[in-house]
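Chemist: Residue strings, one per chain:
Number of protein chains: 2
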Amino acid sequence: MNFKKVRLILFLLLSIPSYQVFSQEAKQKQKYVMVIHGGAGTILKSQMTPEKEKAYKAALALALETGFRRIKAGESSINAVEAAVRIMEDSPLFNAGKGAVFTNEGKNELDAAIMDGNTLMAGSVAGVTTIRNPVSAARAVMEKSEHVMMVGKGAEKFAGQAGLEIVDPKYFWTKDRWESLQKVKRQDSIKAMEGAGEKKSLKLGTENRDSKFGTVGAVALDKQGNLAAATSTGGMTNKKYGRVGDAPLIGIGTYANKLVGISCTGWGEFFIRNVVAHDVAALMEYKNKTVEEASSEVVMKKVPALGGDGGLIALDRDGNVAMPFNTAGMYRGTVTSDGKIEVFIYKE
Amino acid sequence: MNFKKVRLILFLLLSIPSYQVFSQEAKQKQKYVMVIHGGAGTILKSQMTPEKEKAYKAALALALETGFRRIKAGESSINAVEAAVRIMEDSPLFNAGKGAVFTNEGKNELDAAIMDGNTLMAGSVAGVTTIRNPVSAARAVMEKSEHVMMVGKGAEKFAGQAGLEIVDPKYFWTKDRWESLQKVKRQDSIKAMEGAGEKKSLKLGTENRDSKFGTVGAVALDKQGNLAAATSTGGMTNKKYGRVGDAPLIGIGTYANKLVGISCTGWGEFFIRNVVAHDVAALMEYKNKTVEEASSEVVMKKVPALGGDGGLIALDRDGNVAMPFNTAGMYRGTVTSDGKIEVFIYKE
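If you read the protein sequences in the order shown, they are chains A and P. First residue of the first sequence? That's 0 in numbering that gives the first Met the number 0, and the numbers climb one at a time after it. First residue of the second sequence? That's 0 in numbering that gives the first Met the number 0, and the numbers climb one at a time after it.
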């Protein structure tokens with residue numbers, strides 16, 4: 000064996016493992032383990048202060064960090080999404096839990112859902128007013144009852160029996176949201192007067208504007224390869240008549256299976272009519288679309304085709320992420336398996 | 000031209016149109032314009048009296064006849080499904096409207112949904128106790144509000160403002176259903192005692208048995224080729240905690256698009272977790288399955304795989320119908336474009 004041959008063999012022996020390590024690292028860097036959103040809507044840089052922007056980014060980063068710690072410790076994706084959503088529910092910045100918008104009657108009515116992609120177990124609550132963390136109530140429905148969805152007083156009674164923290168409805172009051180309600184009420188009454196005589200004014204619902212909605216959500220992929228999704232919201236400012244949006248509806252605002260997890264935010268009515276979350280999953284499973292292609296088709300084409308807007312976050316079993324939205328902005332962020340956190344507000 | 004040739008030409012001239020008429024007739028006979036169900040469950044011939052069987056068949060036939068008259072007169076499929084479901088809501092035989100089952104608290108809490116396949120407009124109500132015809136309330140939500148789903152007192156207030164008939168909750172009381180509640184309560188308390196110490200007994204929901212559910216629904220195809228679907232239910236006997244099942248959930252218990260309309264009946268929790276109605280539609284649209292294949296795959300494979308049971312009715316835009324169920328029976332019936340009505344209870 001000559002020197003050249005030895006050198007070649009040595010080179011190969013040394014280079015193969017190092018190449019493998021490098022490629023694994025590259026792959027790991029690309030693999031997302033969690034994605035979150037804090038609502039889509041008319042979020043314009045011109046209307047944002049640097050302090051507010053900083054506060055939102057810090058809250059998103061904290062939610063991601065909290066969820067990521069669970070994933071890193073080997074906990075389930077259900078634990079991770081619940082933990083991340085609780086952080087956003089407890090923050091007054093987002094329209095969920097503390098900081099939820101007000102109904103027409105000046106109440107905070109909260110909705111939430113959670114789903115385990117591995118077992119297809121799911122839980123949801125809607126129209127609750129006394130449960131501090133609705134996402135945890137949704138999880139209790141999933142794990143401690145034989146039901147999937149509970150609404151109103153019944154859901155609150157159940158949550159109390161399940162040992163969840165019950166608060167005075169005043170807990171959810173924030174000055175910002177109260178002022179928004181007064182502003183929207185004024186706008187709606189002006190619009191109603193302007194529209195008098197038109198067919199539209201006969202409608203008994205409220206006018207929907209994207210300044211009125213917002214939702215929080217998370218999707219996670221754990222070390223066992225299982226996906227979970229959760230969503231929580233206060234609904235629409237000035238909502239009437241016990242309106243329920245897409246967030247607490249399994250297959251619509253929240254869905255997870257073995258292939259993908261999805262959480263939506265936007266004009267709920269259009270997300271319901273499009274069965275958005277399940278449609279994304281179906282396009283992936285039945286038409287072999289990527290998570291990016293399927294999410295874009297539904298959010299950028301199907302929802303706008305009916306006149307709706309909003310966005311969603313999706314994470315597939317291979318750690319690929321999609322965060323499409325057709326509004327000006329969407330509070331959102333990701334964390335990869337190596338712990339790298341990124342947060343965004345506007346279109347990049 | 001000889002006699003034989005003339006005879007042949009005459010024969011051909013005469014036979015072609017008559018053959019066309021015949022084949023059109025044959026085709027028309029196969030085209031279904033409406034399909035309805037009155038609930039799936041443990042319906043055993045051994046437990047049925049001839050009088051009861053006759054009463055169920057007469058009620059189903061009346062609902063089909065009522066819907067068919069609308070279709071024949073050129074009205075929309077939405078009108079037809081609403082009319083058919085109202086007949087079943089008004090009948091004390093079915094678990095919807097009058098004749099609804101009782102909750103644990105001795106109330107009748109009603110859910111309903113309706114969807115227009117052509118426009119993807121949809122409406123639904125859940126947990127209402129004073130609206131005589133919940134399916135009409137769902138339609139009012141669809142047409143007279145900007146929302147899709149309303150629950151509880153808010154939905155009742157809206158229905159009143161929309162001009163729907165409001166009744167005293169006593170209207171829904173029937174002796175049969177009241178006795179069922181007492182029986183189920185006794186069974187549940189025995190089961191709870193027997194199960195004491197087991198993990199299962201920790202669950203705060205009620206035990207689900209197929210004797211406890213039942214739903215009514217209709218899907219129609221109008222002369223313009225538009226599909227619509229509607230579902231209405233009283234939920235589960237002895238239900239607690241404001242439980243909502245699949246019936247009022249768009250894409251789950253009720254769905255229609257330009258391709259197919261679907262209404263489900265069964266153990267709601269499993270239908271939610273499988274996003275049943277939209278899954279049938281997605282299998283047809285994205286995997287080119289027939290209505291029969293798609294319906295069977297979901298009802299006979301996917302729902303039982305999780306441990307659930309029930310059935311569904313589906314009608315596609317070409318007038319093909321599917322009525323799969325994995326229970327002992329399902330009250331159901333069809334009407335074709337020539338007015339031929341057929342009703343069934345057990346497996347054929």
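Treat the hints as calculated values from the structure; they're not laboratory data. Hints may contain errors.
One copy or two, either will do: identical chains are not told apart, so a pair holds if it fits within one copy or between any two.
27 Å max Cα-Cα, derived DSS-like pairs, lysine-lysine [what the hints assert, rightly or not]:
| hint | residue 1 | residue 2 |
| --- | --- | --- |
| 1 | 301 | 182 |
| 2 | 257 | 152 |
| 3 | 286 | 257 |
| 4 | 182 | 143 |
| 5 | 156 | 239 |
| 6 | 286 | 169 |
| 7 | 53 | 174 |
| 8 | 44 | 288 |
| 9 | 156 | 56 |
| 10 | 44 | 257 |
| 11 | 286 | 300 |
| 12 | 301 | 143 |
| 13 | 239 | 286 |
Chemist: Run every hint past the structure and note whether it holds.
Modeler: Here is what the structure says about each hint:
1. Within a single copy, residue 301 and residue 182 get their C-alpha atoms no closer than 31 Å, and across copies no closer than 48 Å, so neither meets the 27 Å cut-off.
2. In this assembly of identical chains, the alpha carbons of residue 257 and residue 152 never lie at most 27 Å apart, being 33 Å within a copy and 38 Å across copies at closest.
3. Taking the shortest Cα distances, residue 286 and residue 257 sit within 27 Å of each other both inside one copy (16 Å) and across copies (19 Å).
4. Only between protomers do residue 182 and residue 143 lie at most 27 Å apart by alpha-carbon distance; the minimum there is 24 Å, versus 41 Å within a single protomer.
5. Taking the shortest alpha-carbon separations for residue 156 and residue 239, both the intra-copy value of 23 Å and the inter-copy value of 10 Å come in at or below 27 Å.
6. Neither within a single protomer nor between protomers do residue 286 and residue 169 lie at most 27 Å apart by alpha-carbon distance, with minima of 48 Å and 50 Å respectively.
7. Taking CA atoms no more than 27 Å apart as the test, residue 53 paired with residue 174 passes inside one copy only; the shortest distance there is 20 Å, against 63 Å between copies.
8. Taking CA atoms no more than 27 Å apart as the test, residue 44 paired with residue 288 passes in neither setting, with 33 Å inside one copy and 47 Å between copies.
9. Proximity of residue 156 and residue 56 under a CA criterion of 27 Å is satisfied in neither setting, with 35 Å inside one chain copy and 41 Å between copies.
10. When the C-alpha separation of residue 44 and residue 257 is checked against a cutoff of 27 Å, the pair qualifies neither within a copy, at 37 Å, nor between copies, at 41 Å.
11. When the C-alpha separation of residue 286 and residue 300 is checked against a cutoff of 27 Å, the pair qualifies both within a copy, at 17 Å, and between copies, at 20 Å.
12. In this assembly of identical chains, residue 301 and residue 143 lie within 27 Å of each other by CA distance solely across copies; the values are 23 Å between and 36 Å within a copy.
13. In this assembly of identical chains, residue 239 and residue 286 lie within 27 Å of each other by CA distance neither inside one copy nor across copies; the values are 39 Å within and 40 Å between.
Hints 1, 2, 6, 8, 9, 10, 13 from the list above are not met by this structure, while the remaining hints are.
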